Amino acid sequence: MKNRIQLGLVCAVIFALVCVAAGPVRGAQDPAFATANQDYSEGRFQEAVDGYQRLVQAGRFDANLFYDLGNGWFRLGNFGQAILNYERALALEPHHPEAEANLRLARDEARALELRKTWIEKYIEAGTFIQYSIAASIAVWLAVFVSARLFFTRRRSLGPVALIIFFLIVFALASFALYTKETGSRGNSFAIVTGKEIEARLATADNASSILALPPGSEINILSERGDWIYAALPNDLRGWIPAKSVEKVRL
Amino acid sequence: MRNESRISKAAARILIAALALACAASNSFGAGASVTAVLDNSETGVGQPVQLQIKVTGSTSVKPPRELAVDGLDIRFTGQSQLLEGRNFQFSYSYIYNYTVMPMKAGTFKIPPQTIEAGGSTLRTPELTLHVADSPGQSSRPNRSGENIDPRQIAFVELILSKTSAYVGEMVPAVVRLGFNVRTPVESLGNGVEITGQGFTAQKMREPRQAIETIGGKTYQTFTFKTALSPARSGKIAIGPVEVNPIVRIPRTSRSPGIPRDLFDMNDPFMDNFFRDPAFAPSTPREIKMKSEAATLDVKALPPGAPPSFNGAVGNFTMTVDAKPKTAQVGDPFTLTAKISGRGNFDRVTAPSLEDEQGWHKYPPSADFKSDDDVGISGAKTFETVISANERKDHIPAQLFAYFDPIKEQYVTLRNEPIPVRVEGGSAPTQAPVAPAPQTAAPAPSLARTGPKQQEILHQITELSAEPQSFTPLFARRSFWLAQLAPFLVLLGFITWRIRRAHLDNRDARRREALQHEAAALQRSLRREDVSPQEYFSRASRAVQLKTALARNVDPNAVDADVAASAFRADEATRRRLQQLFEKSDEARYSGGQNGIRLLPPDVRNEVLELIDNLRA
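So the protein lines, in turn, are chains A and B. So that you can map any letter, position 174 of the first sequence is 174 in this note's numbering, and since no number is skipped, the others follow by simple counting. So that you can map any letter, position 49 of the second sequence is 49 in this note's numbering, and since no number is skipped, the others follow by simple counting.
Rather than coming from a laboratory, the hints here were simulated on the basis of the structure. Mixed in with the good hints, there may be bad ones.
[Stated by the list, open to error] So, partial list: chain B residues that the calculated Cβ filter (under 10 Å) puts toward chain A:
id, residue
1, 151
2, 324
3, 326
4, 363
5, 365
[Claimed, not checked] A short list of chain B residues far from chain A (calculated; beta carbon distances all over 12 Å):
id, residue
6, 39
7, 117
8, 392
9, 474
Since the structure is predicted, the reported quantities are computational estimates derived from the model, not experimental observations. From the three backbone atoms N, C-alpha and C, an ideal C-beta is built for every residue, glycine too.
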């Protein structure tokens, strides 16, 4: 009887968390979105891009919207903006297959440089923020519940202690994955070069020595900002100053 | 007696001397204080100082003016002295205050009367007039500060080229040397040192190296500037002259009679040496014009037949190349690091070129030069170039760097070995044409786009999610933390339930403990012989109740013989005995006596004890 009650409690916790993390429900339609899609299908790419951007400016963040916007920019030949919006779609839905495919094409066209991921980032990339957050939450609550049960139990065995240690390890790993994703090369500071003929420089001056030419769509990681310049980690493990107006962060 | 006369004579002498001093003092100070002010010359030129002397007589406490402000004159206090004068037993004590007056511009200046406090009275100096001529040469005063000194007597400048012939673009080290006689120390080098001339470029000169050298028996402070010249055209090029306009301090060679450098004018050799030391001697800053001899450089044009990768580098160089990583996917970048070291015109050293750029996309390189010397003609220049393969590759082509060696007088092309790498994915490498097409000098980027001009992207998606999505990670959203309330509340409920249960368990345990305690006490009392039958049977029935209550966790007061027999699954004989026990207990309790029996026989007690002990669950 006791075990059934405890199992029920754990299931309730997991159910609550899963409800929070449930994915978006598809199927909604927006007239402005439909109009932009119509413009796109009829070849009016600039009008389509304008329509998509109005939706974005209105706070309607959606992976499909950014994907479509990226397609519009691609058609207009602005690969920097196209790559930026594909990246935004992937930031919202990390396994968006269409965005992944078109992003590869845009990168090929733009010759965009990519940030090198560390080996640990490659592993962590397998999971999403949602998955790691839920895993960390469930693990820590299970550890807490088992600890509480252990506390009130007269006869203490090694099993619950091992279980607590296991849950805490899972929590630590999930937390580390979250931290790495948030602060890594594709974290909160992840940005895309949208300007053309941009060169990273040694100092905050247009005539300072050039470090690296950055084609549109190249990936950078913003480290700090100073006035109209940003200091960024660049592809090929370089660092340099870039005009702030030529770069846009992926996360809005 | 003789001693007494000696003492009286000495006392008389002291008295006379004291009277004389008192008289002198009264003569000296009784006349009142006075002040005089004089210039050692009322005419001078710009930059030629004159001396102002203020003399206060007849007072012991004088406050002289420390600062005299006159527009156009720089007046500075230089020191004070005291003077005791005696004439016909008339003694006077004077304070002399000296000032140096430096005219800053031409004109007639009036030094206004100065107020001096002396012994409680206020004195005023007379107004003084100073005529300053426009230039030192117009002064009526004799030349005292070496205005007409030939600069060549006190300083020199020379331009030294390391060679007299060179190739166009070749770096020619050059040295400019300045020397100043230590007796005319240099105050500043004016606008600096510049090599004039046309047809060449010069490296920026850095800070000079200073030294003290003895040349021709004279000691000079020398400044050595190093630079490098790079001729821009062929033919004879005039280098220089080098023109410098330093400011040196020209010592004044004659003393002013009005300035008591040696207060007592005793020709003290120490004082003389002190003032002759260039560091302390009075001197005048003055700009002098110096010019070196010009030099000629015979410049030869570079020979024809320069290799295609030649970009104007002249000198002697070596090259090392490395690439990272060694394995990549098609389109992934490689970083080529080429380090060109040696000696030459590094400003013309450019990144090496790929021997075969087909199938590669090359990005603009970055450069970093580290000089090994002061003038930047030797060192190492490191280029980092990012390239990416458009197709599968197994090596990065050789890199070429060409320069002209002026010693060998020929062009040299440096070439590294192809760097083995592995480029995976993408299409197989395109085959090079068997017969090379005419050289069209196609740019690398166009070669890179050998695939379809613009690949077809995937279709639009016409559905949006019902709720807007967010870039904020789940763990940073408020809803996530609100959701944590659910397990938290469950945890709270669980803890509350367990605590309550523990509390109840604890109360039950205490009750059982009390019952056990009571049962044990009863058991002990039942073994005693001094208990009346009434009390004995009462205690025995209570012991049965307690034992049953402990065994079945029931209220002991609700236990009777049947309950106890059922609880312990007693047989019929035991049940009857229990019933008899409870009846006797009731009988003894309600009848109030045992028909005269005061104590129970031992066999009865043993029987009761045996009955209770045999009650086991």
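Please list, smallest to largest, the hint numbers that this structure does not respect.
1, 3 and 9
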